[in-house]
Structures are given as C-alpha cells and as structure tokens.
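Peer 1: Residues per chain, in single letters:
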Amino acid sequence: MAKTQKLLPFKQPEKSYDVVIVGGGLHGLATAYYLARYHGIKRIAVLERRYIGFGGSGRNTEMIRSNKRAHETLPFYKESLAMWYDLSAELDWNLMAQQKGIIALAHSDPEMAAMRMLSDSQRRAGIKIEMLNPSELKKLVPSLDVSDKPALPIFGAQFHPEGGTVHHDAAVWGFAKACARYGVDLCVGVEVTGIKLDGTRVTGVDTNLGHIAAPKVHVAVGGYSSQIGRMIGMKFPVVNFAMQVMTTDIMAPFLDHYVASPRLHFYTQQTLKGDLILGGPLDHFQSWGSYTTWEESADRAVKIVEYFPDLAHVRIVRTWSGLCDCTGDSAPIMGGCGIDGLSLDIAWGYYGFKSTPACGKYSAEYIATDRVPEKIKHFGLDRFFNRRLVREVIL
Amino acid sequence: MAFLIDCPNCGRRNPYEFNFGGECKSAPAQGADMKAWCNYLFFHENMPEFQDEWWFHTMGCRDWIRVRRNIATHEIRSIEE
Numbered sequence: 001m002a003k004t005q006k007l008l009p010f011k012q013p014e015k016s017y018d019v020v021i022v023g024g025g026l027h028g029l030a031t032a033y034y035l036a037r038y039h040g041i042k043r044i045a046v047l048e049r050r051y052i053g054f055g056g057s058g059r060n061t062e063m064i065r066s067n068k069r070a071h072e073t074l075p076f077y078k079e080s081l082a083m084w085y086d087l088s089a090e091l092d093w094n095l096m097a098q099q100k101g102i103i104a105l106a107h108s109d110p111e112m113a114a115m116r117m118l119s120d121s122q123r124r125a126g127i128k129i130e131m132l133n134p135s136e137l138k139k140l141v142p143s144l145d146v147s148d149k150p151a152l153p154i155f156g157a158q159f160h161p162e163g164g165t166v167h168h169d170a171a172v173w174g175f176a177k178a179c180a181r182y183g184v185d186l187c188v189g190v191e192v193t194g195i196k197l198d199g200t201r202v203t204g205v206d207t208n209l210g211h212i213a214a215p216k217v218h219v220a221v222g223g224y225s226s227q228i229g230r231m232i233g234m235k236f237p238v239v240n241f242a243m244q245v246m247t248t249d250i251m252a253p254f255l256d257h258y259v260a261s262p263r264l265h266f267y268t269q270q271t272l273k274g275d276l277i278l279g280g281p282l283d284h285f286q287s288w289g290s291y292t293t294w295e296e297s298a299d300r301a302v303k304i305v306e307y308f309p310d311l312a313h314v315r316i317v318r319t320w321s322g323l324c325d326c327t328g329d330s331a332p333i334m335g336g337c338g339i340d341g342l343s344l345d346i347a348w349g350y351y352g353f354k355s356t357p358a359c360g361k362y363s364a365e366y367i368a369t370d371r372v373p374e375k376i377k378h379f380g381l382d383r384f385f386n387r388r389l390v391r392e393v394i395l
Numbered sequence: 001m002a003f004l005i006d007c008p009n010c011g012r013r014n015p016y017e018f019n020f021g022g023e024c025k026s027a028p029a030q031g032a033d034m035k036a037w038c039n040y041l042f043f044h045e046n047m048p049e050f051q052d053e054w055w056f057h058t059m060g061c062r063d064w065i066r067v068r069r070n071i072a073t074h075e076i077r078s079i080e081e
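Line by line, the protein sequences are chains A and B. All the letters of the first sequence, read from the start, carry residue numbers 1 to 395 under my numbering. All the letters of the second sequence, read from the start, carry residue numbers 1 to 81 under my numbering.
Possibly wrong hints are sitting among the right ones.
To be verified - Partial list, derived from the structure: chain A residues whose beta carbon lies under 10 Å from chain B: (1) 224; (2) 289; (3) 292.
What the hints assert, rightly or not - Here are the computed lysine-lysine pairs in the DSS-like style, where the Cα-Cα straight-line distance is at most 25 Å: (4) 177/A x 6/A; (5) 177/A x 11/A; (6) 128/A x 139/A; (7) 235/A x 25/B; (8) 25/B x 139/A; (9) 196/A x 42/A; (10) 35/B x 377/A; (11) 149/A x 138/A; (12) 128/A x 138/A.
To be verified - Simulated coverage check for chain A against chain B, where a stretch passes if three residues somewhere in it have a Cβ under 8 Å from a Cβ of chain B: (13) 231–243; (14) 277–288.
Hints were generated in silico from the structure; no laboratory data involved. A quick note: this is a predicted structure, and the numbers were derived from the prediction, not measured. C-beta atoms are modelled at their ideal positions from N, C-alpha and C, and glycine is treated no differently.
Excised from the complex, chain A in its bound form:
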C-alpha cells in the first residue's frame, strides 16, 4: 500500500477565532495569508463549504492586467499586477506567472480614438501602454490576420506589455499552502448558515458544525454574496451572470500574447500546455447556474477563426462557466457594510482573479486596523447611496 500524505492540513473549526473568513477561494485565502503574515493575527479560520478554490478561483481565464479605465481603480489594479509577479518568490511556490503582454484590437477609427483616450488615463496612472498599427501588430503576432479579409478588419491595437497570465490552480495552492504555513485553519465542508449579530456588532457565525464565535467576520464568497446578505437582512447591489470559457485542442506554441477584442467581446491566449483558452462576454441573463451553451461556443469559434484563419480545423474540447457577480458600475464592494466587525470583499464580477493579491493585502489591512486603506476607499458599499459610482467599464 502506497504511503499517502495530505498536501494541506485541513482542520475541524474550533469554537472561537479572532477572524473568521467566509469563503475559501483566492480572495479569502489571500486575506488570511496577509492577516497572518503581516498583521500578526494568530487565530484565523477560513471556512469553505465546497472545496478550496471551488468558485471563480478555479473557473477564470487566468488573465492578469491593469488596463482599466477609472482613476479610482487604476492604482489598485496596477499594484495588484505588480504583486502577482513577486508572489512566486514570496509564497515559495511557482505560480507560473508569465508577462505575456495583452493586445486589445480595434476595428474602426472611433474605436482607436477611444483606446487612445483610455491609454492616456492609464499612462497617467503610471501604466505602460502603447498603441500599435497593423504592421507592428503583425510582427508581434504573426498568426493574426491583419488584412481586410475579416468582416471587421483590424485598424490597430492597444498593447499592455505588463499584463500576462498566472496559473489559477497554482495560485490557489500557493496561497493555501502559505496560509497553512502561517497557522491559518483551513476548514472545508463547513457551510455558514447564519451570521450572529449583537445589535450592530457581529459576534460570530453559525455553521453546519455549530457556532463559531469571532469578533471579526470577513465575507469573501465571490458570486454567493446575496446569500450572506439575506442572513443579515440586507440586499447587495449585485446581479450574477455566467461567463462561459472554452479550451481547444493542444497545439504547438504559436501565440505568445493575450489577444482580445473589446468590440467583438472575445479574448484568447495559448496556455503553457498548448491549448487556447477562449474567453468572452457574460451571458446576458441572470444566472446562478453553471452551464455552457452551443450558441456561445459557436460565437467564439467564428470570431477566433475570423482573425486566426489557421485555426479553422481546431476543435473546442472542453467548456465551463463561472459566476460573475456584477455591480451596476463594474467596480467591487470592499470594506464595511454598517455592521461592526463584518467586512465585505464581494462583487468582483469580471475582475476577481487579477485583483487577488491587492485585495488580500487591503482587506487584511482593513480587518486589522479598522481603517479603510486609501487604495480601496472608493469601493465602499455607501457609494450607491451618495452617488459616488466608479466610472469603470466592462472590458
């Protein structure tokens, strides 16, 4: 009989903790890690009802970038991107981070103009951005069809050289192992069924394994935040949509960059394994279910073959979808929610994966100090009441 060794020391939760983190995805693990390592909080539990990395952490498209629009969010994403590239060393675990460079295609002159404007706001935040014409683009991505054959020919592109990819499972493992190393209790199969309040103070959580007392509870549940909202009698400004992702056959390496088209809503990259990941828009109707459809697969296939004609005989072999919990302004909700000790890290929608390290860092800072850090001060839930929505876009 082969000797087996558990890779992660999962635990049964104790009766009380200093901080309880609900949700064992990347954001929850990252927050626990920064709390344990940099804020000296000893007794932390991460409660996960399914398994570590179940939700969006395992079902994203691995893209990390900071080419966003709003001046409120740009410094945050810039820091998060820089942190990703240092994390392999910090976590002592290879996250397979690759600085591939992200190319966003434009298919008309007005789009080029819009991209130049976008680029200017990004440059002002200190993010490296270049505009490319079709012949420069062809040099970077030889397999791309920059002729006038496609229905919407390529007019140019925005190049974000600092963007890239990180292996999502490696990231989950890295943070989980680091958490275990710094003494965080990882509790899987523990479902939070209620949040216990004493007036406007949180005192703990009820779970399927009984009550766990904690003066601080952090909600990092990804697409499942509305259920937490109902436990405390609140609604959140969040609607769930499914985003479908496909992968293709494995091919020899031919695509070094992440290529996206904001107008046509598709993006693709070739993984280290050799398959293409095809990402795209959110489905247009609200959903809590994980499903994939023929319509979306066909749509991605048509678009990818339009710009990479050599891929005409490549098959889509695997599909999945993840939940995107979207706010009206495409910016997240971080910080408090009017209940002492209860902090939120929700509504990441399209951008949860790339923001993980900064999110963990600043959530931890907020929990440890009770002060809202400068970089996340625009992400509070109160912005929906005092008309301070963030001018972010989905792209």
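Since the structure of chain A is provided, determine the placement of chain B on it from the hints.
Peer 2: Leaving out everything else, chain B in the frame of chain A:
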C-alpha cells in the same frame, strides 16, 4: 441551451433571442426619499430561487413579457404578457 422561453406570441424560443430586463421590482411611491430610489435602482435580491423577471423578445414579437424563473436551475413556472 439549458432552457427555452415559451413566448405567449411566438411559442417556445431560444433565450438568446431575448433581451434580459432584470428582476421585476415596484418603483418607490412618488415623493420617496433618495435612499429608497437608490435601493430600487441598484440593489437586487439575486437569490438562487424563483423570481419574476422581465424579458424582451428582441428577435420576435418585440414585446415585454414577465417570466417566473428559477435563476439557479432555469426552470420556468409561468409566463405572462
């Protein structure tokens, strides 16, 4: 697709023919304060259970319909014009 929408005018159709109009909510009464309007505009139930929602048949009869759908399983209970 995982489900079809039985449009009262056009019959059973693919949901990609429709535009999704969100959860049915009732607007605050006239003279309601800003907080009530913000709640109405931005905040949603968004729970994995049956909800009434608006759909617009863009590629069909171009009519708004009310659909009672479970957003986790996509099971549809009732459809009204």
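Peer 1: If a hint holds in the structure, say so; if it doesn't, say that too.
Peer 2: Each hint, compared with the structure:
| no. | hint | in the structure |
| --- | --- | --- |
| 1 | 224 | 9 Å, holds |
| 2 | 289 | 5 Å, holds |
| 3 | 292 | 9 Å, holds |
| 4 | 177/A x 6/A | 12 Å, holds |
| 5 | 177/A x 11/A | 13 Å, holds |
| 6 | 128/A x 139/A | 19 Å, holds |
| 7 | 235/A x 25/B | 13 Å, holds |
| 8 | 25/B x 139/A | 53 Å, violated |
| 9 | 196/A x 42/A | 22 Å, holds |
| 10 | 35/B x 377/A | 21 Å, holds |
| 11 | 149/A x 138/A | 15 Å, holds |
| 12 | 128/A x 138/A | 20 Å, holds |
| 13 | 231–243 | holds (count 6) |
| 14 | 277–288 | holds (count 5) |
Consistency with the previously given hints fails for number 8 only.
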